[in-house]
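Add chain B to chain A, keeping to what the hints say.
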Amino acid sequence: MSRSRPDVLPRHVYWVLIGIQLLLTTTKIIPTAGASTFFLFLYTIVSLLVRWRLPLPVSTMMIDTVLIGGISLFYPENTIFLPIFVFYFCVHNRPIFTLPALIAICNHPTLFTCLILLGAIISGYLLYIWERQRTELQDEVNVLHQRIHGMTQNEEHLLRDQYNVERLSRLTERQRIAEILHDNLGHELTAAHVTLKASGALLDQGNNDNARLLLQKAQQRLGAALGQLRKAVQQIEPNDDFDLKRITILVHSFTFPVQFNSSGNFTDIPVAIHQLLYVSMQEALTNIMKHATPNAVVVHLERTPAIIRVILENDGLDRTQPMHVGNGLRYMRKRIEAINGSLSIQHDKTFRLIITLPLKE
Amino acid sequence: MNLYLFAIKEDIRQPLNIILIILLPIPVLFIPGHPNSYPFGLSLYGMIIIFSSFLLSRPVVEDRMKGIILRIAASPISTLRYLSSHLLGYLSLLAIQISILLLGSLVIHGDAVTGRLALFSLYLTFGMMCLSLTLAWNVLFKSYNISFGLFSGLASIMCLFSGVSLPLFLLPSSLIRYIMFLPTYWLPYGLDAWINGNTPAFIQAHAILLVYACIFLLIGSKRRL
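Protein sequences, first through last, are from chains A and B. By the count of numbering that gives the first Met the number 0, the first sequence reaches residue 360 at its end, each step adding exactly one. By the count of numbering that gives the first Met the number 0, the second sequence reaches residue 224 at its end, each step adding exactly one.
Chain B extracted, bound-state conformation:
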């Protein structure tokens, strides 16, 4: 069994993770949206992606906490292979979750949500950013519980101020200049761009999310034994 499959199996062995992947996207589909906007659940789903990423990436943190990373470092498996296999595994699980959400949106919202492939790509890019963010975040901590406790607070605040928990049009325009530094801002920005048919802005959101993912990956991939 290769590392990629091992990472997926390690995650789906936990019943909580299966519930998280399959059931959690369903409730957000029932949240209605503004008449001239997309269903608000699509934006709020960003928050679910952040927390799912954190919970899915738990084995990487635990490997570090339990000292398994030391044994891996001594084995012929390179850090690059270890990290890429695990992150790809988690991203695949997130892709399944996104697919469930978009299929659900087809059933519940029908034609009110269009361009599902583009939305899939945006969520996937956002998922990549979130996985990289959790990786970089966990580098700072040795205990998973402390890390999760602080992260849940920070992620909630980020989502609140960046248009994930609240629609962007409810936020004051003067605040937008500052919240653009939050990586989570670029999901609702991309969703808005897609709904408004602003393709360059949609691509910009993708690009910025990818650059954020690169930044967090570069920080998070630093081997800490």
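For reference, chain A alone in the conformation it holds in the complex:
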């Protein structure tokens, strides 16, 4: 099992750089250090650790800097600790706070201290830039996470809606079948059943002539039932032109004259897709009616093995009003995108709405 590599964060590098600076300072103080210098060395470490453990403002570090800077004016060997404070302020982007330390170092400059100071300033600002970029990226990631969360919720909502629509469609269809069977077939079968029972009773009584007569009637009833069954099956079976017919009716019943053309086979489109196509076209035509005054509306419907594409174009775009995507279009886009479809808008000389719905997963 592979273990994920631990992330190197700016704060880790910060402590490594602090460690390096303390180590360099140690090499310098070991040969000469007395108890006072060693005390200041430890004091510097405490200052850094306090800021690590407690959320103190950066400005409070000025107190320590001024203290050690002040001592350094009288005991120059202590200037060696000041680059650490400069580094701290650079990491926190407080250049003005470095002034006391810089003044104290300039008062007794040594090559070693100046080199450490230069390193502290450069590494401190690099670390600051890294941290800032990291924070910005983290913020972006958070925004994206929020957006994904919102989209997931929308998707769930739309899928629930779709499931409800499909369920409703199924129930409606079942009810229609039940009505057809009851109205057409049920009557004839019940009559045939009663006639056969009567015929059986007559046969028991030895009244064969009447029984035969009733059997003939029952035969006629069953023949009629078969005819009704065939008719019912014809009604239940999907009509080849049904889906397209519904859309054609929608288009031709529109207020403005529409030039409609279609290509491809629309008989085996899933119910959900058909419903979405119908509702989307309805919404698009309503929008034209509400927001445009077209002379010509062109609707082109095309089905390929993989997709259904609808292009609705009108020339009645009102150029005085700014382009605005309303709730209807926004909701339509969400529903289309929920099934991996797309909705695009082109407005140049005409307003063109292109809806693409995928037929395959």
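Rather than coming from a laboratory, the hints here were simulated on the basis of the structure. Heads up, some of the hints might be wrong.
[Said to hold, decoys possible] Cut-off 20 Å, straight-line C-alpha distance, at most; resulting in silico cross-link-like pairs (SDA-like, lysine to any residue):
hint	chain 1	residue 1	chain 2	residue 2
1	B	Lys-221	A	Leu-53
2	B	Lys-221	A	Val-45
3	A	Lys-196	A	Arg-211
4	B	Lys-221	A	Lys-196
5	A	Lys-27	B	Phe-180
6	B	Lys-221	A	Lys-289
7	B	Lys-221	A	Val-49
8	A	Lys-196	A	Asn-207
9	A	Lys-27	B	Lys-141
10	A	Lys-27	B	Ile-178
11	B	Lys-221	B	Val-138
12	A	Lys-289	A	Pro-256
13	B	Lys-141	B	Asp-191
14	A	Lys-27	B	Ser-172
15	A	Lys-27	B	Ala-111
16	B	Lys-221	A	Ile-147
17	B	Lys-221	A	Trp-51
18	B	Lys-221	A	Lys-230
19	B	Lys-221	A	Gln-258
20	A	Lys-27	B	Leu-181
21	B	Lys-221	A	Arg-52
22	A	Lys-27	B	Lys-221
23	A	Lys-230	A	Lys-196
Then chain B, alone, in the frame of chain A:
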């Protein structure tokens, strides 16, 4: 019962700890010193303080090992209160031990040891540093036995090279520059300063021990659940 008293009771419930507090300082009093120096037992007592601190602070480590710290973290008791009460409790027990040593020194050494109040303050500061050191050390480990095993080795070496087990004047002067980084060095340094009447150096030893205590406390008080 408040946490402070609870910490003391938790410690003195162990018979070993009572022996440690009362009896252990007695044998070191019989160790003689250099003619121009203080009785060497006073310096060696630093080693007893280090190990006593480690053993006394055992409940804090065990709280972490047994997961009690999780329950404490979920309770209204803050980490600051928990740690300060426990450390103060252990420091009080160390103060009793130091008092026994100084009373014993009065009986055995008489006027050869002077300024017992100053010595008491130095030992107490050293005790604070040792308690903080053990706290910081134990943060690194989850098992008390491993922690103690490694610490006993490290503490012995520290005491050997920092003038606690061996008198400072026996150590080469070139080594002093390096061993001053060991926190244990500052006890014999302070004792020397006191015997030589160097009050500023004695105060410096106090100050450095306190700063060390702060450093170890800052590291050791980081809550590790």
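Tested hints:
{"no.": "1", "hint": "Lys-221/B x Leu-53/A", "verdict": "holds, 11 Å"}
{"no.": "2", "hint": "Lys-221/B x Val-45/A", "verdict": "holds, 14 Å"}
{"no.": "3", "hint": "Lys-196/A x Arg-211/A", "verdict": "holds, 12 Å"}
{"no.": "4", "hint": "Lys-221/B x Lys-196/A", "verdict": "violated, 94 Å"}
{"no.": "5", "hint": "Lys-27/A x Phe-180/B", "verdict": "holds, 14 Å"}
{"no.": "6", "hint": "Lys-221/B x Lys-289/A", "verdict": "violated, 66 Å"}
{"no.": "7", "hint": "Lys-221/B x Val-49/A", "verdict": "holds, 11 Å"}
{"no.": "8", "hint": "Lys-196/A x Asn-207/A", "verdict": "holds, 14 Å"}
{"no.": "9", "hint": "Lys-27/A x Lys-141/B", "verdict": "violated, 37 Å"}
{"no.": "10", "hint": "Lys-27/A x Ile-178/B", "verdict": "holds, 15 Å"}
{"no.": "11", "hint": "Lys-221/B x Val-138/B", "verdict": "holds, 8 Å"}
{"no.": "12", "hint": "Lys-289/A x Pro-256/A", "verdict": "holds, 15 Å"}
{"no.": "13", "hint": "Lys-141/B x Asp-191/B", "verdict": "violated, 38 Å"}
{"no.": "14", "hint": "Lys-27/A x Ser-172/B", "verdict": "holds, 18 Å"}
{"no.": "15", "hint": "Lys-27/A x Ala-111/B", "verdict": "violated, 41 Å"}
{"no.": "16", "hint": "Lys-221/B x Ile-147/A", "verdict": "violated, 36 Å"}
{"no.": "17", "hint": "Lys-221/B x Trp-51/A", "verdict": "holds, 10 Å"}
{"no.": "18", "hint": "Lys-221/B x Lys-230/A", "verdict": "violated, 84 Å"}
{"no.": "19", "hint": "Lys-221/B x Gln-258/A", "verdict": "violated, 76 Å"}
{"no.": "20", "hint": "Lys-27/A x Leu-181/B", "verdict": "holds, 17 Å"}
{"no.": "21", "hint": "Lys-221/B x Arg-52/A", "verdict": "holds, 8 Å"}
{"no.": "22", "hint": "Lys-27/A x Lys-221/B", "verdict": "violated, 31 Å"}
{"no.": "23", "hint": "Lys-230/A x Lys-196/A", "verdict": "violated, 27 Å"}
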